[in-house]
Structures are given as structure tokens and as C-alpha cells.
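Peer 1: Model the full structure from these sequences, guided by the hints.
Line by line, the protein sequences give chains V and W. Going by the working numbering, the final residue of the first sequence carries number 369, and the count climbs one at a time with no gaps. Going by the working numbering, the final residue of the second sequence carries number 326, and the count climbs one at a time with no gaps.
Take the hints with a grain of salt, since some may be wrong.
As the list claims (entries may be wrong) - Partner residues are not named here, just some residues of chain W that face chain V (Cβ under 7 Å, in silico):
1. H73
2. L115
3. T118
These are computed hints drawn from the structure, not numbers from a lab. The structure presented is a predicted model; accordingly, all values stated were derived computationally and were not measured. Where a beta carbon is used, it is the ideal one built from N, C-alpha and C, also for glycine.
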Amino acid sequence: MTAEASLAHHARPGTPVASWVGRVIVWLGLGYLVLLLPGAIGGEASLDASQAAIYVLIGLSLHILIGYTGQISLGHQAFVGTGSLVAANVVSTGTSHAAEPVHFGLSLVAAAAAAAAAAVVLGAVALRITGLYLALVTLVFGSVAANAIFSISSLNGHEAGVTALRPASLVTDYRFYLFCLLLIVLVMYVDIQLGKSKTGRALAALQENELVAQAFAVNVMKFKLIAFALSGAFAGLAGALYTYRVQSFSDKNFSGTPGFNLALIFVVMVVVGGLGSRAGVVVASAFFGLIDVLLDLAAKHTFMAQYYSDHKQYVSGLIGALLLLQTVILNPGGLGQVVDPVARWLRGGRFSLHGHGPTSGSRAADVRA
Amino acid sequence: MSVLEVSDLSIRFGGLQALLDVTFKVDEYEIVGLIGPNGAGKTTAFNCITGFYRPDRGHVFYRGQDVTGMPPHRKSAMGFGRTFQNVGMVKSSTVIENLKTAQHASADYGVVSGLVGTGGVRETERRLEQRSDALLELLGLTDVRDSYVGGLPYGTLKLLELGCALATQPDILLLDEPSSGMGPEESHDLGDRLIELRREFDLTMLLIEHHVPLVTRVCDYVYVLNFGQLLAEGAPSVIQTHPEVVAAYLGGEAADALEQTSAPAEEAALAAEEHEAAGYVRERAPAQKKSPVKKVAKKTTKTAKATAKKATAKKAVAAETAAEES
Numbered sequence: 001m002t003a004e005a006s007l008a009h010h011a012r013p014g015t016p017v018a019s020w021v022g023r024v025i026v027w028l029g030l031g032y033l034v035l036l037l038p039g040a041i042g043g044e045a046s047l048d049a050s051q052a053a054i055y056v057l058i059g060l061s062l063h064i065l066i067g068y069t070g071q072i073s074l075g076h077q078a079f080v081g082t083g084s085l086v087a088a089n090v091v092s093t094g095t096s097h098a099a100e101p102v103h104f105g106l107s108l109v110a111a112a113a114a115a116a117a118a119a120v121v122l123g124a125v126a127l128r129i130t131g132l133y134l135a136l137v138t139l140v141f142g143s144v145a146a147n148a149i150f151s152i153s154s155l156n157g158h159e160a161g162v163t164a165l166r167p168a169s170l171v172t173d174y175r176f177y178l179f180c181l182l183l184i185v186l187v188m189y190v191d192i193q194l195g196k197s198k199t200g201r202a203l204a205a206l207q208e209n210e211l212v213a214q215a216f217a218v219n220v221m222k223f224k225l226i227a228f229a230l231s232g233a234f235a236g237l238a239g240a241l242y243t244y245r246v247q248s249f250s251d252k253n254f255s256g257t258p259g260f261n262l263a264l265i266f267v268v269m270v271v272v273g274g275l276g277s278r279a280g281v282v283v284a285s286a287f288f289g290l291i292d293v294l295l296d297l298a299a300k301h302t303f304m305a306q307y308y309s310d311h312k313q314y315v316s317g318l319i320g321a322l323l324l325l326q327t328v329i330l331n332p333g334g335l336g337q338v339v340d341p342v343a344r345w346l347r348g349g350r351f352s353l354h355g356h357g358p359t360s361g362s363r364a365a366d367v368r369a
Numbered sequence: 001m002s003v004l005e006v007s008d009l010s011i012r013f014g015g016l017q018a019l020l021d022v023t024f025k026v027d028e029y030e031i032v033g034l035i036g037p038n039g040a041g042k043t044t045a046f047n048c049i050t051g052f053y054r055p056d057r058g059h060v061f062y063r064g065q066d067v068t069g070m071p072p073h074r075k076s077a078m079g080f081g082r083t084f085q086n087v088g089m090v091k092s093s094t095v096i097e098n099l100k101t102a103q104h105a106s107a108d109y110g111v112v113s114g115l116v117g118t119g120g121v122r123e124t125e126r127r128l129e130q131r132s133d134a135l136l137e138l139l140g141l142t143d144v145r146d147s148y149v150g151g152l153p154y155g156t157l158k159l160l161e162l163g164c165a166l167a168t169q170p171d172i173l174l175l176d177e178p179s180s181g182m183g184p185e186e187s188h189d190l191g192d193r194l195i196e197l198r199r200e201f202d203l204t205m206l207l208i209e210h211h212v213p214l215v216t217r218v219c220d221y222v223y224v225l226n227f228g229q230l231l232a233e234g235a236p237s238v239i240q241t242h243p244e245v246v247a248a249y250l251g252g253e254a255a256d257a258l259e260q261t262s263a264p265a266e267e268a269a270l271a272a273e274e275h276e277a278a279g280y281v282r283e284r285a286p287a288q289k290k291s292p293v294k295k296v297a298k299k300t301t302k303t304a305k306a307t308a309k310k311a312t313a314k315k316a317v318a319a320e321t322a323a324e325e326s
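Peer 2: Structure, rendered in C-alpha cells:
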């Protein structure tokens, strides 16, 4: 075959070259959207984007429990809050000093460790419970922890909140947002390794059938606790970023009704994202992190503007509820059903909407039960 | 020293004495059969041995070490491989994933290094994958390697489950009805395979089995359970003609065999033998009808016989439904 002929062969649409051009374009588009756009818009955009990033971290964290292990947690705001509280108190800079990088790093580690410890405590209590009762226990744990710990006034800064300024290198919102992305990459890497290692397989086995897992020499109790610890650590990390995003900690965000709303949103975004679909969870979490901003944008120029601003706090919850219903009844694989094929294609695989194994529907059904 | 020794094993579920003073042993390189009518306590014995149940009384010794009450995951790591009656695999994972999961104890890296993804982890994972592929090839199942377990036919699943049990690197393999859902020819092949696997992996086996020809062919020794108690023991040929066993168990099997009209020649010959045994049972059958059948375990052979026949008849129906489903 001559060089010319081979070139002609490769240039035909649908051949590797053509589809790789398509992939590169989509990658570049995504890169621009995620990396550069928030900086380019300016204003509050980077802060909003870092909220989305924090939600993505929380989504990945909760996905380890719900998606991998089949353990529901309706108290996840407690772990995020614990991380938030600890980070603020470790780094607490009084009023005007930027945090030392060392203290900042230390506060992240401490936040992750404290939240992991809290999650292990809950996990140990919940080891032998599943389903409805587990949901109930985590719900109570979440609100009790939130109301008891976060209201200790020496820790929460006596009503005023604890100031926690970012280190000098992260002082602009855009840089802070990039730092959040960095942590997402880190957490995603660990998450991917988790799936590839014996831990991921052990969790998949014990989620489906604890007896089989035990016959395969999996220590079910130990690996459930590992899942809780890992999930808690990521939630704590997200909590620390939550603090640094607004550069203060306030217990009001995590206790009472706002805290409960958060817990619900977290669960909803994981289920809507699709259990077992990392990419779906990332997209859904980012969406729920941005939902208020998007609604603001959408409502600003319409006749709904007044109505929306009057009922703001209900609208996002309503949308979450509708998406949840939509997912559970019509689309049990969640957003992952759509996002996963795209993600596969972007990695060089073939684009196919049916694909890859048993529908994650059966796993979503576990949550329904 | 025996690989497995069980002494005075007893367990009670509410009003049901599921096992009472069961004592038996499995020696090195033996294939021992554990037979008995449905509800005799065979699977319960398995669960006590592998740690899923904690016996009320009695002991389980593994190579002289008392392992009673040790949790199942530690027993599995120690060398107890087992299969389940209804296929114990992770249905939402692929075949190769299952085989790797089964090698959990051989994945000797820490959880944290697994999360970091060190070179050692990758090396170990490669080793697990190679071993899984070797097992698949041995069982002739390479072409389902990447299929999801949930979608595979029952016969394949039973064989795969055997593969998973082997992947746990067992010293003693406990198989719960390995031939269930298989036709006569498949179960004949299974017999060959078990003997071959024993040689290949230097295994000791304990198997629960209903399929009499398989038991006679592969087992070196047989224990018969009935109503939670040991009824008889001996070489398969002895057991086959043991009057009480025939009464409690084989009689019912023969009745099953009568219903199977499409059995191949070899099976038919065996069935014919069993028919004689059935005749023997039936001659005595009218007498027992006078005594009411009770569910409570009784030593009287008559009652046992009647209940056992009922139980095996039920089993035949269950097996048929299972076959239809698969």
C-alpha cells in the first residue's frame, strides 16, 4: 500500500484519526470550561466554581459508601462539618493574618483525620445494620453530632464564626479554585486505585453478598470500616475547603435545617449521578453545587425573577426531588447512563449507549429497597 | 493427622435440633461424601465447619488445631474453600473480577499501598490475574472471562464457583451440591474433573451431593446424615446397600430415577439397580402407613423413611423447577 493510499484510508470519517480529532476538541472544550472559564468570567465565578468542586469531592466521598459499599449515609453533613470545624480551629488566624502554608496543610490533614475518625465511630455503630435502620441511625447521628459539637461555642467562634484566612498563595479565588481541582484529582486518583485494588473488590463483594465475601476471605467488618474511614476523610477534606472558600466557619451551615438539607442534597446528587458511575457522580455533584447560581442566572431576566427570589430556598430542593424521582423511576442508572459512554469514548473506547455490563439499575434498586 | 475432624457437633435453631453429636473426619487427599435426605443438616454442618454458624456444642479441628468459632474469613484464608448451594459469586462483577476477589487472601499488600497504587501492588495484581486466567483455562471457561456473572447459565456458574473456590487456594474444599442443575452427562464430567483437580492441586474434599452415581464414583468414604444425626458411614459400595441408608435416602432417589424416562443407558442401568432397592423399600412400605408421620426426629426407621421419601419427592420438584429456571 502506498503512503498516499494509507493516508486516504485514515482520513475517512469514522476512522481513528477523525474520531481522535473529535476527542481532542471535546477534551479542549472541557479543559477550557473547567480550568479557564471561571477565571475568565471573573467576579464571583471562581467562588461559585469552587463550591461545585467541593460538592464534587463530597459526591465522590459519599459514593464510596453508597455506591461501593451499599451503606447509605444521611449524616454526611456531619463529616463535612467536622472537617470544616477542625480546619478552621487548627488554622484560626484571628482577624487579619493569612495562614502559614504549613498550618494550612496541617489543617487539611487534621480535617480529613477528624472526619475519618467520626465516620469510623458511626461505621462501628452501624456495622450490623443495613437499609432503613442504617439510614435512620446515620440521620440521627448527623443531626445530633451537628447540634452537639458544632454548637460548642469555644469551637464555633461564639456566634460570629471562626475566621480562617487562606494562605497568601491561594488568596485569589481563582487560585483557590485551582487548588480545589488539584484535590479532586488527588481524590479521584485514590478512588480509581481503590476500584482496582483488592479493597474495591472486597467492597463490591460485601455490598452484594456478605456470605460470599467472607468465603473469599474478606473481613467484612474491617472493610466496611475502611470504607467509612475513607469516605469520612474525603468529606473532611471537602469540609476544610468549605471553610476556606468563605474563609470562616459557621455552625449554622451544618446544624438544624440547613444541615439536614445539605445531607439530603448530598444523597440526592450521588443517586442522580448514578451508583457505580464515578463520572456521573462528578457531573451531578457539580450541577448541585452550581444549582443556585444557575437558577439565579436563569431567573434573572424572566418574569419569574420576583417569584424566584421570594422562594429561592425551595426551588433547588424541588428540582433535586424531581431529578431524584426521575432517576429512581425512569432512569435507575442515573446520569452515569449518559455520562459513562461519553467518558469511555473520551478515553479512546467506542461510543455505545449499551455497553458495559449489567445495568447499574440493579444497584440503584438496592437503595430503593 | 486428619485434615478435618469434627467431634460432637451440635446446633439447635429454636425447636429444631439441626445437628446432634455429629462426629466425622476427612483424611489427607480423601474425597469424602456427606449425603442424606433434604433437611438432614448437611449444609448446616458445612456452615459450622466453615465458621458461618457457631455450633452450640462440639469442636472442629483443622490439622489438629481447634478452629471452632473462628470467623469464616479467617478460615477461608487458612485453607477452607467452599461453594454454596445457590452459587456464591458476586453477580454484578465479571468472571475475572470474581476470581481476583476470591484471591483476596493472596493479595498480600496493605490497604493503603493499594490506594496509592505502588509498583508492588501492580505486580501482585498481575500475578492474581495470571492465576485467574490459568484457572479459567483449566476449567475451559476462558471465553466467559469478561462476562458479567449475572448473565451466565447455571451450569457454567456452578463450574465457575468451583473455580472461585479453587482461587482461594484451599487446602480442603467443601462443595455444596456441585452437580445441582446438571444433567447426567455433565455430572459425570464433573466427577472426572473433581478427581483431576484433586490430583492437580493436591486437595482434600468434602462434598454434599444428591447424585448417587457421582458419589459412588468419586468418594473414598461416605457419611450419611439423617435428621441431624449420623446414620451410617463407610465406603460408597457399603453405604449403597446399607439397609437403613437405603430406607432413608436411596429409596427416595430411586423414586426420582423412575420419573426420569430420558436417562441415558449407563444411568438407566444404575437406575435399575436402584429400582431394586426401591422395591425393597416398597415391600415394607405399607406397614409404615399406620404410624403417623411426624416432623420431629425419631430414631425409628419407619418414620424416618416415610419423611425422607416425602422430602426427596419435594426435592425432585425443586430440582425440576430449578432446571426450568436455568
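Peer 1: Now tell me, hint by hint, if it's right for this structure.
Peer 2: Taking the hints in turn, this is what the structure says about them:
At about 5 Å, the closest approach between the beta carbon of H73/W and any beta carbon in chain V falls short of 7 Å, and the interface hint on this residue holds. Nearest Cβ of chain V to the Cβ of L115/W: about 5 Å, under the 7 Å cut. The hint holds. With 7 Å as the threshold, the beta carbon of T118/W stays out of range of chain V, its nearest partner Cβ sitting at about 10 Å, so the hint is violated.
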